[in-house]
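S.K.: Now for the letters of each chain:
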Amino acid sequence: MPELGRAALVVTLGLSAYALVAGAAAAMLGRRRLALSARNALIGAFASTLVASVVLAAAFVRDDFSFTYVAGHSNRSLGGIYKLSAFWGGQEGSLLLWLLILTGYSALAVWLNRRRARDLVVWVVPVLAGICVGFGWLLVAVASPFVVQAAPLDGAGLNPSLQNPYMMSHPPFLYLGYVGLSVPFAFAMGALLSGRTDERWIVATRRWTLLAWTALGIGQLLGSHWAYVEVGWGGYYAWDPVENAALMPFLAATAFLHSVMIQEKRGMLKVWNVVLVSLAFCLSLFGTFLTRSGVVNSIHSFTQSDIGPWFLAFIILAVAFATSLILWRLPLLRSRTRLESLVSREAVFLYNNLLLIALCLTILWGVAWPILSEAVRGQSVVVGRPYYDFFLRIFGLPLLFLMGVGPLIAWRRASLRGLLRTFAWPGGVALGTGVVLLALGAGSSIPGLIAYTFSAFVLATITVEFVRGTRARRALSRESWLVAFASLVGRNRRRYGGYVVHAAVVLLAVGIAGSSAYDSVTEGKLSPGQSLAVADYRLTYEKLSERDTEHATEVRARVAVERGGKDLGTLEAGKNSYKIAGPDPQVSSEVGIRTDYATGEDLFVIAEQVNGDGSVYFRVFVKPLVNLIWLAGLVFLLGSVITLWPDAREERRLAVRYDEAGSPASSR
Amino acid sequence: MTLALVLGGLLAVACVVLVSLPFLRDPDPASDELGALTDEERRRLGLAEERDRALAALQELEADHRAGRINDEDYRASVGTLRREAAAALSALRPSDEQGTAS
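Heads up: the protein sequence lines correspond to chains A and B, in order.
If you count by our numbering, then the first sequence holds residues 1 to 668, one letter each, in order.
If you count by our numbering, then the second sequence holds residues 1 to 103, one letter each, in order.
No incorrect hints appear here.
A short list of chain A residues far from chain B (calculated; beta carbon distances all over 12 Å): (1) P160; (2) S324; (3) L354; (4) A368; (5) V587; (6) S588.
Chain B stretches covered by chain A per the calculated footprint, using a threshold of three residues with CB under 8 Å from any CB of chain A: (7) 11-17; (8) 20-32; (9) 42-48; (10) 60-73.
Everything labelled a hint here was simulated from the structure, so no lab data went into it.
Even glycine gets a Cβ: it sits at the ideal position worked out from N, Cα and C.
Construct the entire structure; sequences and hints are all you get.
M.R.: See below:
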């Protein structure tokens, strides 16, 4: 039923356009029923987008190859669950997923705030509707997933490398993050449009920002794990423009989550916060533009792309809209409070913000440079890994250090004596760790050694924070250690959830430093019976086998693994050739990974080339501590859940505040 | 095709009803004005935010001092200012007649 899908998208576009115009008119004229009508239109837009999405999903499930999009991204032999993930395997489906999440978030955000923040929501509706119009227009007029054709017997299938559980979940998580940033952006713009620049837009969007940020973080880790196990080049992050596209809004949102605390605690940085939230949203649009317009491959594929110019116009419009509004409302955003000392928690948060944004803009420049150079000089100059690695160390290591300083330093100002006393323990632990690691030979990589030392410092500060907090709580309430600990976290979810997230960042930093600064690699062509050594491992190539399955021909080279004379079993690495109709055979590299769970180390084997004479060209890595990166994902999720968990005391406090002020406020 | 058109038509009609609902439910309202904040309510909201900020900062300072995160010197340097700020915000939020009685 492609007609129903097309009609549903037209209805979405119509409702969004109505919500934009009627919502803006209602807000300007102060008309209650018109505002309600615009809000209902936004909710209706979600319902109609859901109908369009169900139509497309049903076409995938039913192998309806009369849908050009379905024929291009699925086939009859595709496994059931991958038939659904093929939904977002291409451009049109991805855009539909974007619109589905956007309309869903929009409907939910305006519904949840319908009573308590109605004077703000009335301005939020047209902003969200404007974004929906942009994506609705792309889907109706430029890149419709409901184009039909004479149905072929079978479809082209889904790219084999996308047939992976991580790749199934990676795009939806990224989109939940990208699109989630629309909500705080819309509330910030709504606050500026209405002139209500008090804290309510922050209170209303606190959880939305955290949710979007968490989804972006998890989405990136899922993508990294997919690259690690599926792409088969031996790494997990290649500074690819598409990867950077997700990292940039994540960094901007991280800066926002920290700086917004300064506004809440000290009433400062109001301008900076609306700038950051706008930057995060515009970067999420830019990220989608990068991945969808073809501009990454070449400026020519961008100009030939259907959606590229539209997307660029949309981004320019969003940037111009946000910039003009911020400039217009500057007088309302001026803060009466000033930074009292450069040695205070708010100052540390500010330094953290500057480093995060510097890193974000450096990555943006690296992504934009090939595009700009091709546009200006006709030749694309690619910025390589050394550029990104250099700036990651320059900005990332001080950021890691500040993560340890921030929690322990006092608000407003801190005395030298106080600092010395506070940092004596964590500083001592860090120094001791550095000296021990140096003695153990970690000095072969200075950035690695610094990263480990700073990580020890941060972990020590987090531990000190938990211990001191629990001890004080126990002394006050005479609870057991466990109850006092749970009560401490439960009563300060944002603070202690944040520390858990910091612990995740430490695990990530240690995993990255270990696997990149202290890894070992070797390569060589082996015939059966021959061996190669890497770090303290010895690998012996045993034999080559070939299996014919329903979907692919699988070639595997089996290697026996030893360490220190101890037999560790065998590993298999090879290639899959997929049986897919088309001129180019689709081949994937299937790597062999042996994980040492005690040390977090991986032995990673790639069969680079399988030769006709049975010899195989192997590339083998030993990656110390790499599994801490994936563990960091779980800890990050735990910290985010603690932070996101509703806090009844906070809700009551906000309710009292807004009741007293007589304002229609929000606690969500 | 026919079924799709019928379903599409139904969807469109349902959306039109949803959008018209506020006007259908309340065709002749006593007032169609949006409940915007008055200047006084905005002023009080600002004061309530200031009060909560000062009280939260005071509470955090006390907790940090009790836990040993902040030494006596830093505590004494901040506590007076925070108490004054909280008291000023509380006093400004009190209705004017109550303030008169208190003074």
